[in-house]
Structures are given as C-alpha cells and as structure tokens.
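Peer 1: With the hints as constraints, model all of the structure from the sequences given.
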Amino acid sequence: MSKPLRIGFVLLALALLVSGAWIGLAWAPPDREMGHVQRIMYMHVPSAWMALLAATMNFGTCVAYLWKASWKKDAFAEATAEVGLLFGTIAILLGAIWGRPTWGVYWAWDPRLTTMAILLVAYAGYLALRRFVDDPDRRAVWSAVVGIIIAVDVPVVYFSVKWWKSLHQVQSTPKTVDPQMVLALRWNAFAFLAVLIIFLVARYRIALASRMRETTVPDAPSGAREAVV
Amino acid sequence: MNTLNLVLAAVGEGRIRGGWGYVWTAYGIAWTGLSLYALSLWARWPREERK
Chain A
33 MSKPLRIGFV LLALALLVSG AWIGLAWAPP DREMGHVQRI MYMHVPSAWM ALLAATMNFG
93 TCVAYLWKAS WKKDAFAEAT AEVGLLFGTI AILLGAIWGR PTWGVYWAWD PRLTTMAILL
153 VAYAGYLALR RFVDDPDRRA VWSAVVGIII AVDVPVVYFS VKWWKSLHQV QSTPKTVDPQ
213 MVLALRWNAF AFLAVLIIFL VARYRIALAS RMRETTVPDA PSGAREAVV
Chain B
159 MNTLNLVLAA VGEGRIRGGW GYVWTAYGIA WTGLSLYALS LWARWPREER K
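For the record, the sequence lines run as chains A and B. For the first sequence, this note's numbering gives the first residue as 33, with consecutive numbering after it. For the second sequence, this note's numbering gives the first residue as 159, with consecutive numbering after it.
Bear in mind the hints are in silico, worked out from the structure with no lab data behind them. Any given hint could turn out to be false.
The following label-pair restraints were derived from C-beta to C-beta distances [claimed, not checked]:
id, chain 1, residue 1, chain 2, residue 2, range
1, B, L197, A, I180, 29 to 39 Å
2, A, L43, B, E207, 18 to 28 Å
3, A, Q201, B, E207, 41 to 51 Å
4, A, L215, B, W203, 16 to 26 Å
5, B, E207, A, P206, 34 to 44 Å
6, B, W189, A, D167, 35 to 45 Å
7, A, Q203, B, W178, 21 to 31 Å
8, B, E207, A, V202, 38 to 48 Å
9, B, W178, A, L215, 33 to 43 Å
10, B, T183, A, S198, 16 to 26 Å
11, B, W178, A, Q201, 17 to 27 Å
12, B, E207, A, V137, 44 to 54 Å
13, A, A140, B, T183, 15 to 25 Å
Ideal Cβ placement from N, Cα and C applies to all residues, glycine included.
Peer 2: Structure follows, in structure tokens:
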C-alpha cells in the first residue's frame with residue numbers, strides 16, 4: 033500500500049472515531065432504564081468484538097503456522113495477540129465502569145467477566161512466553177501451540193451469557209434495540225475495526241522486522257526456518 | 159419525527175439519572191488506551207523503515 037493511501041486510511045479511522053464518539057455521546061438517545069450511562073456501550077461492545085476478532089485471527093494464524101511455518105505468520109500471530117489484549121483490556125475496564133451504576137459493583141465473578149479475564153491473562157502469558165524464549169524457531173512453535181490452547185476460551189466467552197444465565201445480559205439483536213442505537217453501535221464498530229486493522233498492520237511490520245534482525249545475524253539458531261515465505 | 163419526539167419524551171432521561179461521570183471516564187479510558195498504544199507503535203517502529 034502506498035504512503036498516501038496509508039495516511040488516508042489513518043485519517044479515515046480518526047474521522048470515524050471522532051464522529052462515532054459524537055454519535056454515541058450526543059446523537060443516540062438515552063436508554064429507557066440506564067439513561068445516559070448506556071452510552072458506554074458504544075465503546076465497550078466494539079472493543080470486546082475487536083478483542084474476540086483478534087483472538088480468532090490469532091487462532092487461525094497459529095494453526096496456519098504449524099501447518100506451514102513462516103516468519104510472516106509468526107509475526108502476525110504476535111500482532112493479533114498484543115492488539116487483542118489491548119482491545120480486551122479496554123472492553124473489561126469499560127464494562128467495570130458500566131457495571132458500577134447498573135449492577136452496583138465494578139466487578140462480579142460472572143461467567144462472561146470471568147472467562148474474558150481468563151482470556152486476557154492467557155494472552156498476557158502468551159506474550160510473556162514469547163519474551164522468555166530466545167530461539168525464534170522454538171518460540172514460534174511453542175507460542176503457536178499456546179495460541180491454539182487459549183483459543184478454546186473464545187467460544188466460551190461468546191456463549192457464556194447463553195449457557196449460564198447470569199448478571200451479564202445476552203447479546204441484543206437489531207430487532208430489540210432502537211434504530212438510532214443500532215446505527216451508533218455499528219458506526220463505532222466500523223471505527224474500531226479500522227483502528228484494529230491499522231494497529232495489526234503496524235504491529236505486524238514491527239514483529240516481522242524483529243524476526244528479520246534475529247534470523248539474519250551470523251549466530252542465528254541453526255534451526256531457524258526460512259527468512260520469509 | 160413527531161413520533162420519535164413523543165417516544166423520546168416518554169423515555170426521558172432513563173431510570174438511572176446523571177451518570178455522565180461514568181460515561182466520560184469510559185470514553186477517556188478508551189481514547190487514552192488507543193492513543194498510548196499508537197504512540198508505543200510509533201516508538202517501536204523499525205529505524206530502517208523511518209528513513
């Protein structure tokens with residue numbers, strides 16, 4: 033992608049974010065029960081969606097790496113884990129803030145909250161593992177296996193509200209929500225998707241450059257796979 | 159439009175009044191988190207690609 037296109041995409045993402053904040057804060061109506069506090073949804077839900085999307089991409093990339101190894105796949109897996117952890121952390125923090133006025137507590141050991149917390153701790157561990165292993169080849173294989181194990185929690189997070197009826201509400205559908213709220217949520221979801229793409233591309237290039245430096249130095253491990261496939 | 163105004167008037171401000179402090183805190187955390195991460199990406203950007 034050429035530089036003007038990249039700059040244009042970043043500006044588009046910023047415009048979507050700013051307009052999305054205005055739509056969520058000023059244009060969308062207050063909720064019948066939760067009043068203005070419900071506006072947190074326009075940041076909380078897209079963050080959670082992006083975290084689960086990044087986790088799903090991490091799973092796919094880990095499987096693809098074990099199927100046919102390449103530094104590009106390893107670098108992308110690293111990017112999805114870190115960016116997913118960022119969005120997941122934002123989602124859980126915003127959920128806690130939203131929980132205080134609506135549930136009366138910042139935190140409850142609700143199945144949705146607990147499984148999401150487990151996912152975030154697991155990705156923090158995944159990233160720590162990557163830092164502790166010096167051999168790039170071994171690090172890529174180990175983290176791919178760990179990434180696949182972590183991904184077991186992703187459908188559990190999504191379906192937890194259906195499997196165990198608890199404090200966290202089940203997923204809403206456009207049929208049950210005010211059209212203005214649906215538009216505000218979708219607008220912010222696209223804004224967050226644009227940010228996710230930018231972060232993933234940037235983090236991938238950083239990780240790939242790091243792999244190149246590691247594998248092209250004279251004392252690189254003999255088991256290192258091909259530089260770029 | 160009249161119907162929408164009628165509905166909005168009936169809904170009012172919702173059962174939970176106020177709460178803007180929570181809303182601003184949440185938006186602030188989201189924006190700060192995204193901005194700081196963008197800054198960390200810029201700081202870690204490979205030197206060879208900056209040229």
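Peer 1: Does each hint hold? Answer for all of them.
Peer 2: Hints, verified against the model:
no. : hint                          : in the structure
1   : B:L197 <-> A:I180: 29 to 39 Å : holds (32 Å)
2   : A:L43 <-> B:E207: 18 to 28 Å  : holds (20 Å)
3   : A:Q201 <-> B:E207: 41 to 51 Å : holds (44 Å)
4   : A:L215 <-> B:W203: 16 to 26 Å : violated (35 Å)
5   : B:E207 <-> A:P206: 34 to 44 Å : holds (42 Å)
6   : B:W189 <-> A:D167: 35 to 45 Å : holds (39 Å)
7   : A:Q203 <-> B:W178: 21 to 31 Å : holds (27 Å)
8   : B:E207 <-> A:V202: 38 to 48 Å : holds (45 Å)
9   : B:W178 <-> A:L215: 33 to 43 Å : violated (22 Å)
10  : B:T183 <-> A:S198: 16 to 26 Å : holds (25 Å)
11  : B:W178 <-> A:Q201: 17 to 27 Å : holds (22 Å)
12  : B:E207 <-> A:V137: 44 to 54 Å : holds (46 Å)
13  : A:A140 <-> B:T183: 15 to 25 Å : holds (19 Å)
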